[in-house]
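Enquirer: Chains as they are written, first to last, in the numbering used here: chain A, 1 to 206; chain B, 1001 to 1206; chain C, 2001 to 2206; chain D, 3001 to 3206; chain E, 4001 to 4206; chain F, 5001 to 5206; chain G, 6001 to 6206; chain H, 7001 to 7206.
One should not assume that every hint holds.
As the list claims (entries may be wrong) - On the chain A side, residues computed to face chain G include the following (Cβ under 10 angstroms):
| id | residue |
| --- | --- |
| 1 | G13 |
| 2 | I22 |
| 3 | E24 |
| 4 | N26 |
| 5 | L27 |
| 6 | T45 |
| 7 | I50 |
| 8 | R117 |
| 9 | D120 |
| 10 | I122 |
| 11 | P157 |
| 12 | A159 |
| 13 | Y162 |
| 14 | G168 |
| 15 | Q169 |
| 16 | N190 |
Everything labelled a hint here was simulated from the structure, so no lab data went into it. Just so it is clear, CB atoms sit at the ideal spot from N, CA and C, and this is done for glycine as well.
Take a look at the letters that make up each chain.
Protein chains: 8
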Amino acid sequence: TRTGVAEAVFCQGKSNSDLQAIVEHNLAEQKALLMTRLSSEQWATLSPEIRQQLDYDLTSKTAIANLEPIVQSSKQVCIVCAGTSDVSVATEAQRTLRFNGIEAPLIADVGVAGLWRLLDNIEQIRQYKIIIAVAGMEGALFSVLAGLVSAPVIAVPTAVGYGVSADGQAALSSALASCAPGVMTVNINNGFGAAAAAVKIVRQYT
Amino acid sequence: TRTGVAEAVFCQGKSNSDLQAIVEHNLAEQKALLMTRLSSEQWATLSPEIRQQLDYDLTSKTAIANLEPIVQSSKQVCIVCAGTSDVSVATEAQRTLRFNGIEAPLIADVGVAGLWRLLDNIEQIRQYKIIIAVAGMEGALFSVLAGLVSAPVIAVPTAVGYGVSADGQAALSSALASCAPGVMTVNINNGFGAAAAAVKIVRQYT
Amino acid sequence: TRTGVAEAVFCQGKSNSDLQAIVEHNLAEQKALLMTRLSSEQWATLSPEIRQQLDYDLTSKTAIANLEPIVQSSKQVCIVCAGTSDVSVATEAQRTLRFNGIEAPLIADVGVAGLWRLLDNIEQIRQYKIIIAVAGMEGALFSVLAGLVSAPVIAVPTAVGYGVSADGQAALSSALASCAPGVMTVNINNGFGAAAAAVKIVRQYT
Amino acid sequence: TRTGVAEAVFCQGKSNSDLQAIVEHNLAEQKALLMTRLSSEQWATLSPEIRQQLDYDLTSKTAIANLEPIVQSSKQVCIVCAGTSDVSVATEAQRTLRFNGIEAPLIADVGVAGLWRLLDNIEQIRQYKIIIAVAGMEGALFSVLAGLVSAPVIAVPTAVGYGVSADGQAALSSALASCAPGVMTVNINNGFGAAAAAVKIVRQYT
Amino acid sequence: TRTGVAEAVFCQGKSNSDLQAIVEHNLAEQKALLMTRLSSEQWATLSPEIRQQLDYDLTSKTAIANLEPIVQSSKQVCIVCAGTSDVSVATEAQRTLRFNGIEAPLIADVGVAGLWRLLDNIEQIRQYKIIIAVAGMEGALFSVLAGLVSAPVIAVPTAVGYGVSADGQAALSSALASCAPGVMTVNINNGFGAAAAAVKIVRQYT
Amino acid sequence: TRTGVAEAVFCQGKSNSDLQAIVEHNLAEQKALLMTRLSSEQWATLSPEIRQQLDYDLTSKTAIANLEPIVQSSKQVCIVCAGTSDVSVATEAQRTLRFNGIEAPLIADVGVAGLWRLLDNIEQIRQYKIIIAVAGMEGALFSVLAGLVSAPVIAVPTAVGYGVSADGQAALSSALASCAPGVMTVNINNGFGAAAAAVKIVRQYT
Amino acid sequence: TRTGVAEAVFCQGKSNSDLQAIVEHNLAEQKALLMTRLSSEQWATLSPEIRQQLDYDLTSKTAIANLEPIVQSSKQVCIVCAGTSDVSVATEAQRTLRFNGIEAPLIADVGVAGLWRLLDNIEQIRQYKIIIAVAGMEGALFSVLAGLVSAPVIAVPTAVGYGVSADGQAALSSALASCAPGVMTVNINNGFGAAAAAVKIVRQYT
Amino acid sequence: TRTGVAEAVFCQGKSNSDLQAIVEHNLAEQKALLMTRLSSEQWATLSPEIRQQLDYDLTSKTAIANLEPIVQSSKQVCIVCAGTSDVSVATEAQRTLRFNGIEAPLIADVGVAGLWRLLDNIEQIRQYKIIIAVAGMEGALFSVLAGLVSAPVIAVPTAVGYGVSADGQAALSSALASCAPGVMTVNINNGFGAAAAAVKIVRQYT
Ligand SMILES: Nc1ncnc2c1ncn2[C@@H]1O[C@H](COP(=O)(O)O)[C@@H](O)[C@H]1O
Ligand SMILES: Nc1ncnc2c1ncn2[C@@H]1O[C@H](COP(=O)(O)O)[C@@H](O)[C@H]1O
Ligand SMILES: Nc1ncnc2c1ncn2[C@@H]1O[C@H](COP(=O)(O)O)[C@@H](O)[C@H]1O
Ligand SMILES: Nc1ncnc2c1ncn2[C@@H]1O[C@H](COP(=O)(O)O)[C@@H](O)[C@H]1O
Ligand SMILES: [Mg+2]
Ligand SMILES: [Mg+2]
Ligand SMILES: [Mg+2]
Ligand SMILES: [Mg+2]
Ligand SMILES: [Mg+2]
Ligand SMILES: [Mg+2]
Ligand SMILES: [Mg+2]
Ligand SMILES: [Mg+2]
C-alpha cells in the first residue's frame, strides 16, 4: 500500500451488516485482511462461510484472512507488557505484526513493582531492534525500559486501572513525560498503531 | 502541639509587613519557628535584627528560628530525589524534618532513566524506616522505589518538566496509580507536608 | 515478601478462567491469598471446592484463604468513614489489614455534616497510631480529622457522589490540598492501598 | 436598580483612560459608585481630584464614592474566612455589603485545621441570618460551617494554595459537592458576587 | 433539626436491604421522611406495607412519609426550568420544598431560545422572593433571569445535553461565571440542595 | 486567493526582524496586508518608513496596508458584543471585515445582564444577514441573540472573566451547547476567524 | 418560525409517553415535524397510526412528517464525511436539510489518511456554496478541506475514536484551532445544528 | 552511552552557577556536550572562556561543544514543520540530530492550510527513512503527512496557537488520535526527544 502497511478494518462501532459486507468484499478479491476490535458478539454474527476463512483470536479481538507469508527477518520487534490485564492490547500488537510478516515474542508480567522480573528478562529484550512496551496504571515501565535498552521504545498506554488511571490518561502522560529520551507514544490501547509504526520502521531498513 | 507537628508559616503570597509582624511575634515569645516558601525577595525585606535570629536556606526557601534540639532517633527517614531540579522541594522536606528533630539524608539524582544509580544506593536506602521520594516529569521513581524497599514510601510529585508534566499532574497521577502497594502521596511540590507526615509517624512510635 | 506486604490478586477485569487458575495454584501451594474487587458474579463462577476454602465477603468484595494468624499488636490502625456508601471501600481496607494480621475497628457514618457524631467518637479514635479515613463527596473529613488527632492520616477518597464529585476527583483534591499537615493520600477507592501502607508502617516499628 | 443591587465597576483589565472616564461620569451625576479589582497601580493613575472623592481600600482593592447611608438592619450577614490569605476576597465581600448599606463582621483565621478556633466563635456566628464563608485550599470550611449553623451558607472558594488547589478548583468542587445541605456557591474569588446575593436576600425580607 | 432542614435519605447506590431497614426504622419512630433518587426499581423492592405509607413520585424519584403540615407562607419560592428534560430535577426541588412546608409553583419550558415565553411569565415570577432556576445545555437561563428579577437566583445546572454539555459542566460554568450579580449555584442535578438552601433562607425570615 | 480570503499575518510570537522582513516583502509587491495581534511594542520596533504605510489600530492590535476598496454590499454583517472588555476582540473582527471590503457596525455593551439594552437594539441587528456575537464570562449572549434573530450567528467566545471563565472555556462551551439552533463557533478570542468566515459567506452570495 | 428554521424535537432522554403525546399533537395540527436522536427502541413504542405517518430513518435516527416541499435551490450545501462511522451524524445533517427544503449530497469516506480520495472529489465539492464537514478521531479533515475550497466550512466533530478521541474532544479542538481561516464549529455529533446553520445562511440569500 | 544517545543537559530552570559548573566539568573531561533550552539570558551569564568553546544557536536555544564527527549516513531523517512559529522546536530537533552525527534538512512552512506547498515538497520528503513532523495549532499536518509517505512519522506537537491550542494539547491529541497508522508522538515542544528517538532507530540499523 501507499502508506507502508496493509489496511486493517476497525470493527468497534460498525454494524453487523457492514462488517459482513466488508469481509465478503475482501475475501472475494482474495486480499489479505486484518480485523481489529472485533468482539465475540460481532464475530458470532458473521456467516459460517466467512468465519471458516478467518483466523479469529479472542484475546486480541482480531481476525486475519489470507495472511501474508512470514518474512523471517529475525529479532526485529519485541513486545513487553506490564501486567496480565495488558495482554489483550499486547496481542493486538503481536497479531498486527504477524499480519505484516513479523513474528514478535511477548514477554508478559514484567511490571516495575517486581523489578527483578524485568531485569531477569532484560538480556533477551536487548537482542531486538525495536521494543513495544505495553503498560497501564502509572506506566512506569516505559521509562525504566528506555533507561535499560538502547533500542527505541514505542509505548502503548492501556486503560488498565481505576481512579486516576481508569481511562489510561496516567500511563499516557508517563509515556510522554518520560525522563528517558527515545520513548515514542501512540494512543491509549492502540496496540495496532504501535505495531504499524514498527512495521514501517522495519520495512524502511530491511 | 495538638496535631503532632510544630506550626509553620506558609509565606508565599503574604505581604512583607505581615511576615515581619508574624516573625516578631514568634521571636518575642521565643517559640520555635519554621517559615516555608520564603522567597529571597521576601527575606530581604525583613529587618536586620530579625534576619540575624533566623537561619535562612535559599535552596529550600525556608527559615528556622529557635530550633528544637535534634533527637537522634537514628535512621528514621531517608529522602530520595530523581533530578537536580527536584532538590529544592527535597530540601524543603529535609529542613522541615530537622526543624522537628529528625536528621534525614538526601540521596539526589537517582532517577529511573539511569536505573543503575538508584540500584547502587538501594542498600543504604533500605536502612531507613520511612522513605520520602521526590520526583517530577513522569514520576516513575515512586513505583520503582516501592518495589525495591519494604519501607512505606511518601511520594512528593514536583512541577518539574514541560508539556504534559509542566504542572506536576503527570507525576501526581503516577504516584496515585502506582502498581506498587504502599505508596502514599501529598500535594505537588509539598515537601513540607511529606515531612510533617513522616514526623507524625516517627512520633507515634518513638 | 520483598515489599513488606503479602501479594494480593486484583480481580476486576480478569476472566473467570484466569481467576480459577490463579486460586488453584495458590491453594495448591497453601499460600495465603487475598483477592480484591471480586464481584459476586465472579465469585459464583469459581468451583465449589475452591469456594469452600475461601472466606468471601460481599460488602468489601474480597476473599481470603489461609489467613495468617492475627498478631494482636493492639490499637495500631483505626478506620473512620464518612457515610454508609463509603463502607464498601472501608471494609476493603479492614479485610486487607486482617489478612496482614492487624485487627482494625471501623467507625462509620461520622461525616462532617454532623460534626457532633465525629466529636463523640474522637477520644476512641485518638487511641490508635494510624488513622485510615475514607470519604467521598467533598472529602472534608480528611482535614477535620487531621486537625483533631496527632496520628498520621491516610486518606482514601471514594467515588461517592454525583455531578462534580461523581468520580471521586473532588474528594481526592481535598485530601491533597488539605490545610492540615500530615494527610497522605492514595488512589480513589483504594482501600487496599491504604491498608498496605499502614501494614508497612506497622511492620517497620513492631 | 432593576436587579436589586447597585451597579459596580469591575476594573481588572480596563485601561486607565476608561477608568478615569467612568469615574468622572459617575461623580458628575453624583451616583453611588463601587469599583472592584482596582489595583494600586490603577488607583495611582486616577487624577488627584477623583482620588479625593473616593474611599480606596488596598486589601480589598475596592473604591467607594457617595456611599449610601448604612441601614442598620442588625445582624444580617456574617463573613467567616479560613486563612489570612483569604482576607482580601473576604473584604471585597465586606466592602460590597457596606456599599449596599449592610455592616457585616469578618471572623478570620478559623480554618478547620484548627477546629477549636471555629468552635470558639460558633455562637457569635449563629446570631446572623446569612453566612458568607471564604476558603481556599481544600475548602473544608464550607461543609463544617453548614453542619454547625442553620443559616444558609454562601461559599466563596478562593485561589489560595498550590498544586491541585492553585486555581481554586479544589475549593470550588468542595463547595458544590458539600455533604451538608444548604451550601450555595459563587465563582472563585467572587467576594463581590456573594455579597450581591446576600444583599438581594436581605432586601427581599427587610 | 440542628441544620435547619429535615433529614433526607439519598437512595442512589444504596442496597435494597439498607433502604428497607432505613424506612422501617423511620416509620416506626413516626418521623417525617424524604427519600431522593429512589429509582422505580428500588421502589418496587420495598415491602407492600412500607410502600403503602409512602407517597412516591416517579418524575422526581422521591418518596415522602409523614409530611409536615404545609405552612402557607405565601409566594416564597418559584421554580423556573428551561426544557422538558429539566423537569425531573425541578420536581426534586419542588417535592423537597413541599416536604419542608413550602408550596412552590413550577414554570416549565421557558428556555432562552424562545425568549418571549420567559418574558410572558416574568411578571408572575417577579412575585416570589426566591427563584430556583433549573437549566442544562448552556445554562443561559440563569443570567437572563437574574437580569430580569431582583430576587436572588439559585441555579441548578442539569446534565441535559450532549457533547460539551453532556455532564452538566457547561451549565455549571455558566451559573458560576454569570455576568449578572446575585446568582448562587449548587451541584449538577442537585434539585434537593437548591430547595434545602431556599428552605433555610425562608426559615431565617418567616 | 484560493481560500476566499486575503492572507493575514499572525504577529503574536514573531520576532521583530521577522515582522520587519514580512512587511517589507509585502509592501514591495504592493500587496494588501493585514497584520493581527500586533502589540504596541512590536509596532514600535518597525521602521518609520514601514509604519508610515500602515494604518495601525491599538484597540484591535491590527495594521493594514494597501486596503482593498470597500465594496458597499449594504447590511451584510453586524458585530454585537457583550461588555467593554470584549471590544478589543470585536474590533479585530471589524478591521478584518473592512480589510476584505465589508463595513460592519459594532453594537457594544449589550450583555444579557441588562437585557433591555439588547432588546432596544434588536431591530437594527435584524437588518443584517450575518451576526458576529462576541462575549466572555458565561457567554449567554449567543443563545439569546440566536433566539431573537433569524440570521446565522457566528459566536466568538472571549477570555474575559476570572475563575471558571478566566480562559474563555465557559463562553466557548456555551456557544457550542447553545439551546438555540444555528450558532456556529470559532476559537476563543478569534475575531479574525469569525470575520474570515463571514467574508467567505458573503463572497459566495454577492 | 421566528428563528429561521422549523422546530425539531430532540428525542434522546424523553419518555415514550412524552414522545407519543408530542407527535400526536403535531400531527393533529398538521405541522411539519422533525424528530432527531429517535432510537429504534423509542420508535418501536410509538403507536402504529403514528408510525404510519412518519418517515423514519434508522441510520440518522430521524423521523419526518409533513415534509415541506423541496425548494430546488441548486448546489447550496455539500456534506463531506471522513469515515463510515461518521455517516450517522452526516445523515442527521442531510435529513435536517431535506426537512428544510434543501437536497444535499453526502460524500463519504474521504478522510485525510487517504488524501487522494478527497482530492478525487474536490472539484465536485467546489461546486457548492457551503460545506458541512463531519469527522471524528483527530479531525484533520476540517483544515484540509478549508485549505482546498473557498466556501465556508461548518465542522461537525464526532465522538468517533477511542483513547484521547473517545468523546470527540480531539476533533472539536482541531476544528476550533484550525490553521485555515473560515472554519466554524458546532457541538460534537451535532449534525442537526450544522444543518440548521446552513439553512439560516441559505434563507438569508435565496 | 548505555541508552544509545549522548547525554544532554536540560537548562531550563537550572541556576546560572549550576550551569557554569556543569559545563566546566564536561569541558574539562573533553566530553561532547549538548545543552538544550538554554535561554539567551542564561547564555550571557556563562564565562567568556566557556562561551568561546560552545557553539550557541539562538533559534533552537541549544549549545554544542566537542561535536562528534558527522557520520554521513545519507538521507536518514527529514524534519518538516507547519509554520514559522514551529521553527524553534524544529531546530532543537535538527541540532540534536547533528550532535549525534546526523545531518537532517528542515522543510518549513508547509502547513495544511496551503496543501499545495506540502504537495510540492512531498517527493523530496519521500526520499528519507524517518520523518519528524513539527506542528502546533490543530496539528493536522501529522495525519496528512502519514497518509502521503511510507516512512514512520514522529510527531512533535508544539504550543503554538491560542485559545484551545494555546498549550499544545490540541496538536498532541491530533497526533495521538491520528487516523493514519504509524504516527508516533513525543511530548509537546520536545524536539530533543523526537531527535533522540530517530537517532536510536538509525543506530539500530546502520
Ligand atoms: N510549604 C507548605 N506547604 C503546605 N502547607 C504549609 C507549608 N508551610 C506551612 N504550611 C501550613 O500552612 C499553615 C499555615 O498557614 P498560614 O496561617 O497561612 O501561615 C499551617 O497549617 C502550616 O502547617
Ligand atoms: N469583583 C467583581 N466580580 C464580579 N463581578 C463584578 C465585580 N465587580 C463588578 N462586577 C459586575 O460587573 C459588571 C460591570 O462590568 P463592567 O461593565 O465591565 O464594569 C456589573 O454587572 C457588576 O455588577
Ligand atoms: N488573529 C488571527 N487568529 C487566527 N489566525 C490568524 C490570525 N491572523 C492571521 N491568521 C492566520 O494565520 C495564518 C498566518 O500565520 P503566519 O504564517 O504565522 O503569519 C494565516 O493562515 C492567517 O489566515
Ligand atoms: N530539550 C529537552 N527535552 C527533554 N529532555 C531533555 C532535553 N534536553 C535534555 N534532556 C534530557 O534531560 C536529561 C538531563 O536532565 P538534567 O540532569 O536535569 O540536565 C537527560 O536525560 C537528557 O537526555
Ligand atoms: Mg503498569
Ligand atoms: Mg523524575
Ligand atoms: Mg464525605
Ligand atoms: Mg481553607
Ligand atoms: Mg437550558
Ligand atoms: Mg458576556
Ligand atoms: Mg476523521
Ligand atoms: Mg499547524
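Enquirer: Would you mind marking each hint as holding or not holding in the structure?
Expert: Hints, verified against the model:
no. : hint : verdict
1   : G13  : holds, 5 angstroms
2   : I22  : holds, 9 angstroms
3   : E24  : violated, 15 angstroms
4   : N26  : violated, 15 angstroms
5   : L27  : violated, 19 angstroms
6   : T45  : violated, 17 angstroms
7   : I50  : violated, 19 angstroms
8   : R117 : violated, 27 angstroms
9   : D120 : violated, 31 angstroms
10  : I122 : violated, 29 angstroms
11  : P157 : holds, 8 angstroms
12  : A159 : holds, 8 angstroms
13  : Y162 : violated, 17 angstroms
14  : G168 : holds, 6 angstroms
15  : Q169 : holds, 8 angstroms
16  : N190 : holds, 6 angstroms
The earlier numbered hints that this structure contradicts are 3, 4, 5, 6, 7, 8, 9, 10 and 13.
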